[in-house]
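Engineer: Residue numbers (full-length UniProt numbering), protein chains in the order written: chain A, 1 to 275; chain B, 1 to 177.
Check before you lean on any hint, since a few could be wrong.
[To be verified] Just the calculated beta-carbon pair ranges, DEER-fashion:
#: 1; chain 1: A; residue 1: 189; chain 2: B; residue 2: 113; range: 36 to 42 Å
#: 2; chain 1: B; residue 1: 77; chain 2: A; residue 2: 26; range: 51 to 57 Å
#: 3; chain 1: A; residue 1: 197; chain 2: B; residue 2: 120; range: 49 to 55 Å
[Unchecked claim] One side only, chain A facing chain B, incomplete, derived with CB under 10 Å:
#: 4; residue: 14
#: 5; residue: 22
#: 6; residue: 25
#: 7; residue: 26
#: 8; residue: 53
#: 9; residue: 59
Everything labelled a hint here was simulated from the structure, so no lab data went into it.
Everything numeric in this text was worked out from a predicted model, so none of it was measured.
Idealized CB from N, CA, C, for every residue including glycine.
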Amino acid sequence: MSQTPQVIEHLNPDRLNAFIDGELPPTECYGIEQHLTTCHDCTLRVLSATQLKAATARAGHRFAPPPEALARLTAQLRSQSQLQTKPQTQTNPQPQTKIPTRIYSIRPAAWAALAAAILLTISLPSWRQLNRTNTLAAELLDQHLATLSSAATPQVISTDRHTVKPWFQGRLPFSFNLPDVAALPPDTTLKGADLTYLNGQPAALLLFTIHKHEVSIFLTQRSTTPNLSTLPGSRAGFTIHTATTPDLRIVAVSDVNPADLDNLLAALVQTQNPA
Amino acid sequence: MLSETNSGDTFEQLALPLIPSLYNHAFWLTRDQAEAEDLVQETFSKALRAFGSFQSGTNFKAWTFRILHNTFLTTRTGIAASRTVFLEDHPETLDTSSGPTPEDNLIRLNNQAALHIALEQLLPQLREVLLLCDVEEIKYKDIALILDVPIGTVMSRISRARRTLRQLLQPQLGESL
Ligand SMILES: [Zn+2]
Numbered sequence: 001m002s003q004t005p006q007v008i009e010h011l012n013p014d015r016l017n018a019f020i021d022g023e024l025p026p027t028e029c030y031g032i033e034q035h036l037t038t039c040h041d042c043t044l045r046v047l048s049a050t051q052l053k054a055a056t057a058r059a060g061h062r063f064a065p066p067p068e069a070l071a072r073l074t075a076q077l078r079s080q081s082q083l084q085t086k087p088q089t090q091t092n093p094q095p096q097t098k099i100p101t102r103i104y105s106i107r108p109a110a111w112a113a114l115a116a117a118i119l120l121t122i123s124l125p126s127w128r129q130l131n132r133t134n135t136l137a138a139e140l141l142d143q144h145l146a147t148l149s150s151a152a153t154p155q156v157i158s159t160d161r162h163t164v165k166p167w168f169q170g171r172l173p174f175s176f177n178l179p180d181v182a183a184l185p186p187d188t189t190l191k192g193a194d195l196t197y198l199n200g201q202p203a204a205l206l207l208f209t210i211h212k213h214e215v216s217i218f219l220t221q222r223s224t225t226p227n228l229s230t231l232p233g234s235r236a237g238f239t240i241h242t243a244t245t246p247d248l249r250i251v252a253v254s255d256v257n258p259a260d261l262d263n264l265l266a267a268l269v270q271t272q273n274p275a
Numbered sequence: 001m002l003s004e005t006n007s008g009d010t011f012e013q014l015a016l017p018l019i020p021s022l023y024n025h026a027f028w029l030t031r032d033q034a035e036a037e038d039l040v041q042e043t044f045s046k047a048l049r050a051f052g053s054f055q056s057g058t059n060f061k062a063w064t065f066r067i068l069h070n071t072f073l074t075t076r077t078g079i080a081a082s083r084t085v086f087l088e089d090h091p092e093t094l095d096t097s098s099g100p101t102p103e104d105n106l107i108r109l110n111n112q113a114a115l116h117i118a119l120e121q122l123l124p125q126l127r128e129v130l131l132l133c134d135v136e137e138i139k140y141k142d143i144a145l146i147l148d149v150p151i152g153t154v155m156s157r158i159s160r161a162r163r164t165l166r167q168l169l170q171p172q173l174g175e176s177l
């Protein structure tokens, strides 16, 4: 590798972690992305760290409240917050649910200062949906990363749509069309395909390259997949874009320039609706 | 906007969707069903009383997790955990070369059992920072507020947690090759 004075050093562990956690300012991310285009070692470290993060996210969602505990917590929350919002009257009965007896006094000013210091990161009512789509984003990214490793070989290795499409017949509960080579955007190649599962649903995984960047395309049946509109548009330096047709949801994951990714998505949507 | 508190959503609307997350986190902290439930209940009681001073438009989730964390520290288990000697809140100076080997990338980390075991072996302080970051997807600056530590400490704990996790997983990674 030729060295230039601008060349940045290998990522140290703290910066690598901050990078995959999305904690670095855009200018610094740009520098790192530039470094990754030429440094195989750091790229492997980033891929590996991203896989570990995605795996930790899934493993950490481990303890769901038992149904009775969930019911008690919900009831407690409802009864307490109703008592709080209604003016207290003598006729108010004591709530039946268990309420901790210890009372802690918290200075309101301290909370106000804390709250003022915390900025809004995500719109609040969408937490539940967000958690689900974050898990899905982790799954998408993990599958995409798995296709990047040299050990992963797709079950169908073919650039020919006439080979790939029939392979899925009988393996998937839906069908889809593949664009022919002329209909693909410039410098875009179909490398192969695989059968996979996304969010517990069978999916077709199509592997493309655009300008040597690997692209994973997931096709699922629209009627069985959750609404993906709140998927993050990017994660850990990878773009995640979604398109839908009347029957299909198509999700693309890649580190290629988002505009190129959208061109491929558009070509795939187009071929599902032949005029 | 800052002068108005809880103008839009009610406490109930904000807090209900957090129950599974808070319970999961409480269980990781206490390792006990009844204790986890009590911890979430107490968190809700405290948060509700303080809700008048919570400003809408700020991060309710981080605010609630801070209450949970502080409440945990006042419990018997929490007091015991906080006595654990924790020497490593300093920038890493050693061992920066222990990155993953390329072989790691050949393996998908989908062995949940191995990860559960590894997470359980992490020091509690390292585990909590990783759960807040990776599972709850809370930003470093908010994690710093929740744990009441500087952001640099959050960063180095995350580095150290992941490095330890990787070392703990190394036998499994080797076997599955
Ligand atoms: Zn490098």
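Engineer: All hints, please: hold or fail.
Structural biologist: Quick rundown of the hints versus the structure:
1. One distance hint, 36 to 42 Å for the beta-carbon pair residue 189 of chain A and residue 113 of chain B, holds here, with the actual separation near 39 Å.
2. For residue 77 of chain B paired with residue 26 of chain A, a C-beta distance near 42 Å fails the hint of 51 to 57 Å.
3. Checked against the given bound of 49 to 55 Å, the beta carbons of residue 197 of chain A and residue 120 of chain B, roughly 28 Å apart, lie outside it.
4. Interface restraint check for residue 14 of chain A: the shortest CB-CB distance to chain B comes to about 5 Å, inside 10 Å, so the restraint holds.
5. At a threshold of 10 Å, the smallest CB-CB gap from residue 22 of chain A to chain B is about 8 Å, leaving the interface hint in force.
6. A distance limit of 10 Å between C-beta atoms decides the matter here; for residue 25 of chain A the minimum to chain B is near 13 Å, and the interface restraint is violated.
7. For residue 26 of chain A, the interface hint is violated, since its Cβ never comes within 10 Å of a Cβ in chain B; the closest pair sits about 15 Å apart.
8. A hinted interface residue such as residue 53 of chain A counts as satisfied when its beta carbon comes closer than 10 Å to some beta carbon of chain B; here the least separation is about 5 Å, so the hint holds.
9. Satisfaction of the interface hint for residue 59 of chain A is found here, the shortest Cβ-Cβ separation to chain B being roughly 4 Å, below the 10 Å cut-off.
Consistency with the previously given hints fails for numbers 2, 3, 6, 7, ordered from lowest to highest.
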